[in-house]
Each structure stands twice: as structure tokens, then as C-alpha cells.
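If you count by the working numbering, then the sequence shown holds residues 547 to 830, one letter each, in order.
It should be emphasised that the hints constitute simulated quantities derived from the structure, not laboratory data.
Possibly wrong hints are sitting among the right ones.
Straight-line C-alpha distance at most 20 Å; calculated SDA-like pairs for lysine to any residue [stated by the list, open to error]:
{"hint": "1", "residue 1": "K819", "residue 2": "R593"}
{"hint": "2", "residue 1": "K819", "residue 2": "P572"}
{"hint": "3", "residue 1": "K622", "residue 2": "G558"}
{"hint": "4", "residue 1": "K622", "residue 2": "P554"}
Distance windows between CB atoms, simulated [stated by the list, open to error]:
{"hint": "5", "residue 1": "S796", "residue 2": "D756", "range": "20 to 26 Å"}
{"hint": "6", "residue 1": "R693", "residue 2": "S765", "range": "38 to 44 Å"}
{"hint": "7", "residue 1": "S796", "residue 2": "A633", "range": "31 to 37 Å"}
{"hint": "8", "residue 1": "R561", "residue 2": "G709", "range": "31 to 37 Å"}
{"hint": "9", "residue 1": "D733", "residue 2": "D637", "range": "44 to 50 Å"}
{"hint": "10", "residue 1": "D792", "residue 2": "N708", "range": "39 to 45 Å"}
{"hint": "11", "residue 1": "E699", "residue 2": "D756", "range": "39 to 45 Å"}
{"hint": "12", "residue 1": "R827", "residue 2": "R693", "range": "43 to 49 Å"}
{"hint": "13", "residue 1": "G734", "residue 2": "S571", "range": "42 to 48 Å"}
{"hint": "14", "residue 1": "P614", "residue 2": "A718", "range": "29 to 35 Å"}
{"hint": "15", "residue 1": "G558", "residue 2": "A782", "range": "32 to 38 Å"}
{"hint": "16", "residue 1": "E556", "residue 2": "P691", "range": "29 to 35 Å"}
{"hint": "17", "residue 1": "R693", "residue 2": "P614", "range": "21 to 27 Å"}
{"hint": "18", "residue 1": "E722", "residue 2": "R693", "range": "21 to 27 Å"}
Don't be surprised by glycine CBs; every beta carbon is placed ideally from N, CA and C.
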Amino acid sequence: MSDVREYPVEAGALRLSVRDHPGGSPPILALHGLASNARWWDLVAARLSPRWRVIAPDLRGHGRSDRPETGYAFAKVVDDLRGLVEAAGLDQVIVAGHSWGASVALWFAAALPERTIACVCVDGGAASLRDHLPTWAEAEERLRPPRIPGLTEETVHAWAANGRLGGGGDAAAAGEILLGNFEEGEDGALRPRLSMEHHMEIARRLYELDAFELMARVSCPVLFVPARSGPWPVEAKAAGLQRARDVLGSRAHIEWLDGGHDLPVERPAELAKAIGEFLGRATG
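Generate the whole structure from the sequences, applying the supplied hints.
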């Protein structure tokens, strides 16, 4: 990944940090999940490049991008991405997202159909949380991240090495990717780059989202790549994907992968293969 360039882009009033993996057209705009960072796509991008250029930004409030006090609604996040695409001089893109990023990708595709060739949703995008968690109080408890005092780099690397994230074949790389979610606090311990306030604001927006109403406004082909394991039951995922098929018709494509929620790090080779085959069909 030595050819990867990392640089800031002025996206309207906001500065986004971008990881740019060289490759051909059309480019892929790759979006990370909630409380994650642009490096989440590194192992997949390494396999898609040089056929496709992969541009992975830290979304607002995340990674090395600006952290405004307000503006964490889907429309504002997508407006940032519109600014990024325009600043980069891109005409059309393939937009891919993981988890929360999958919902952002669908919003992008719905809001900017003239700029969207195809959409990829990795273990996300095809569910309405209100179907599974009837009240926000239940969802808030489920979605609130734990506070981990005294977190160190060694602990993060141990998580990556001993957990699912190391399944991609490079536990050291997985550890560095995971470290991108954190920064050093005044006490020397690591803390999340995304504040708890903004984390829960985004979680509330995700909870309130009607995924299938959003999907009805998407006109491009969409690949859903659900994981067979993870925090949500496979049966619930399958039901959501059937609803997606009902909404999108022949534009919906589904490719199940073995692995947990964090497929871009856990199963990068398999995910890159699924994306590459889909794009080969979608882009001719």
C-alpha cells in the first residue's frame, strides 16, 4: 500500500482527510462505518487497485477529518461527499459503504443519481432498526459504545490479533487499521476520535431512518454483501434483504460472505472479489 496517498480535501466548509488508492475509472468512493475510519477499506482497496481507483475519506467527526459541533444528519454527510467529488474533479463514482456507511452510500445514490454508477452495501443498508428495537431507549442502550479506561496500543493490537479482525491474514495491519479509530488523550490513554455525543447523534439518525423508503429513490444497481455472522441474526438480515429485493427488483444483487460484521478487514479478499465481479457486470 506504499502508493496510497493521504491528503486533506476542502469539501465545502469542511476539510476531509482522504486515502487515495491509485487505479482506473470509474473510481470507487469507499465509506467507513460509525466510529471507524478511512483505513477500514485499505485491505480491500489493495485488491481492487489498480483496476479501480479507491477514494476513502474519513467522514465528518471521524479520523483526521474536521469535527464540527453540528451537522451529523445523513443529508449533511452526503453534502460533504458531494463537495469531495466536486473538489476531486470526478464526474461519476461507484459508492460503497460498510455498516452505517452503507446507509450513507444509499443516501448518496438517492440524492445524486447523476453521479452514481452503482452502489455497494457491506453488511448494512438493508434494515430498519425500528423493526428490531421498537423504542429509542432500547436502541440507545444497544448502540451506545462501551467506555474503556486505560486503553493502550498494545490492547488494540491484541484485539486485532485474537479476534475476528485478524482473519484477513494480516493481524498487524488489522491492528493499525483499528488504531485509526482512536487518538491519545491527555492522560496518555487512547480514546475514540468520534465523540460520544456525535456517536449517539448518528446512531439516533440511523435508528430513525426508513431504509426502504430511501432505497425506493435509488435508481442504480445495488450490491448487498451481508455477513453470515455478527450482532444481528441472519434471519433478520435475510428478511431485510428480501424487502430490498421487493423495492429494487432486478437492481438488487446479493452476495453472502462468511465472516462477521467487519468484512472489509476480516474478509478483504472475498469482499474484493464480490465487488469486482459485481462492478464487472454493472459497468460493462
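Against the structure, the hints:
1. Note on K819 and R593: the hinted pairing holds, with a Cα-Cα distance of about 8 Å set against a maximum of 20 Å.
2. Distance restraint check for K819 and P572: the Cα-Cα separation of roughly 17 Å lies within the 20 Å cut-off, and the hinted pair is therefore satisfied.
3. A hinted pair counts as satisfied when its Cα atoms are at most 20 Å apart, and K622 with G558 qualifies at roughly 11 Å.
4. A threshold of 20 Å between alpha carbons decides the hint, and for K622 with P554 the separation of about 18 Å falls inside it, so the pair holds.
5. A beta carbon spacing of about 22 Å between S796 and D756 agrees with the range 20 to 26 Å that was offered as a hint.
6. A hinted range of 38 to 44 Å for the beta carbons of R693 and S765 is consistent with their spacing of about 42 Å.
7. Look at S796 against A633: about 34 Å separates their beta carbons, and that is inside 31 to 37 Å.
8. Against the hinted window of 31 to 37 Å, the Cβ-Cβ separation of R561 and G709 comes to about 33 Å, which satisfies the hint.
9. Separation of D733 from D637 is about 47 Å and conforms to the stated range, judged on CB atoms against 44 to 50 Å.
10. For the pair D792 and N708, the supplied restraint of 39 to 45 Å holds, since their beta-carbon distance comes to about 40 Å.
11. Checked against the hint of 39 to 45 Å, the C-beta distance between E699 and D756 comes to roughly 40 Å, which is consistent with it.
12. Checked against the hint of 43 to 49 Å, the pair R827 and R693 passes, with Cβ atoms roughly 45 Å apart.
13. The beta-carbon spacing between G734 and S571, approximately 45 Å, falls within the hinted interval of 42 to 48 Å.
14. Separated by about 33 Å at the C-beta atoms, P614 and A718 satisfy the suggested range of 29 to 35 Å.
15. A C-beta distance of roughly 37 Å is found between G558 and A782, which places it inside the suggested range of 32 to 38 Å.
16. A hinted range of 29 to 35 Å holds for the C-beta pair E556 and P691, which are about 30 Å apart.
17. Checked against the hint of 21 to 27 Å, the C-beta distance between R693 and P614 comes to roughly 23 Å, which is consistent with it.
18. Taking 21 to 27 Å as the suggested C-beta distance range, the pair E722 and R693 conforms, at roughly 23 Å.
Of the numbered hints given earlier, the model fails none.
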